[in-house]
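**Q** Let's have the full structure, built from the sequences with the hints guiding it.
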Amino acid sequence: MLRKISGRFNSFLYNFGWSGYVPYIDGWIPRFSLFVPIIGYLIIFSDQIGGAINFANLSGASSTYGLTGQDRLRFVYFGLFALGASNLLYRIRRPYIFRHGTNENEFARTALEHFTFGDFLSFHHQIRHQGHYTLNGKYYDSEWDGFVAAGSNPGEGTENVQRTRHWENAKSQYGSLLRSILAETFFRENSKKKVSLVVCVILSTLGYVLLAIPSADLFIKVVLSTVQLPVLHGGG
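The letter at position 51 of the sequence shown is residue 51 when you use this note's numbering, and the numbering goes up by one with no holes.
Please note: incorrect hints may appear among the correct ones.
[What the hints assert, rightly or not] In the SDA-like style, the derived pairs of lysine to any residue whose C-alpha atoms are separated by at most 20 Å in a straight line are:
#: 1; residue 1: Lys-193; residue 2: Phe-12
#: 2; residue 1: Lys-193; residue 2: Phe-75
#: 3; residue 1: Lys-171; residue 2: Trp-144
#: 4; residue 1: Lys-194; residue 2: Thr-134
#: 5; residue 1: Lys-138; residue 2: Ser-122
#: 6; residue 1: Lys-221; residue 2: Phe-75
#: 7; residue 1: Lys-171; residue 2: Thr-110
#: 8; residue 1: Lys-138; residue 2: Ser-176
#: 9; residue 1: Lys-138; residue 2: Glu-104
#: 10; residue 1: Lys-192; residue 2: Arg-91
#: 11; residue 1: Lys-194; residue 2: Ile-92
#: 12; residue 1: Lys-194; residue 2: Arg-8
#: 13; residue 1: Lys-171; residue 2: Asn-105
Hints are computed from structural coordinates only; laboratory data are not their basis.
Only a predicted model underlies this, so the values are computations on that prediction, with no experimental measurement involved.
**A** In structure tokens:
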């Protein structure tokens, strides 16, 4: 049993990467949260706003339990602040390939359209010098040499291949090879800086929990007031 649990944990850790958490860290709420430090101090200590969100009419004016309006503001503020910090760290520490796509398919689509021969050459050298992380990196050098020959301009004699008919034909002919190289590259880069990713996930989780607390408090108050209302009318 322990060996099975250990194997699953090691597999999770090996495949733990940024792409699986992009919606969690970089959704519209975390993006909006980047502005919280700028505008938050204007409202967090505002008595008028704090009083306005007491929801006394909705949850019962006589409620003496749960959060006050100021408490809700603080939970919301610090929740958004945590989400904003997570999103800022994500933008600073995310892998560079995320500028071209936040998942493997987006990255491959962009790369096949816009990347140059020099980009693919760099990826190829990294795979050969650092070893492969997935089966996608186990392609033959002879296949790569065929791609180089097919994409080179006749008589040019350099690696500065232009986007001519030869280059486009080579990409079409060796598309499977290039997609394997890109998939290996994406997995490699996506798996880097895992400590930063863990911090982002923790901050985002803290932020969502803090945002959920005021909502849960209000929901409980509304439910209790709804249940109590028929009892009071019945008693009258």
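**Q** Does each hint fit the structure? Answer for all of them.
**A** Here's how the hints hold up against the structure:
no. : hint              : result
1   : Lys-193 x Phe-12  : holds, 15 Å
2   : Lys-193 x Phe-75  : violated, 30 Å
3   : Lys-171 x Trp-144 : holds, 12 Å
4   : Lys-194 x Thr-134 : holds, 18 Å
5   : Lys-138 x Ser-122 : holds, 16 Å
6   : Lys-221 x Phe-75  : holds, 17 Å
7   : Lys-171 x Thr-110 : holds, 13 Å
8   : Lys-138 x Ser-176 : holds, 13 Å
9   : Lys-138 x Glu-104 : holds, 18 Å
10  : Lys-192 x Arg-91  : holds, 14 Å
11  : Lys-194 x Ile-92  : holds, 13 Å
12  : Lys-194 x Arg-8   : holds, 18 Å
13  : Lys-171 x Asn-105 : holds, 17 Å
When each numbered hint is compared with the structure, a violation occurs for hint 2 only.
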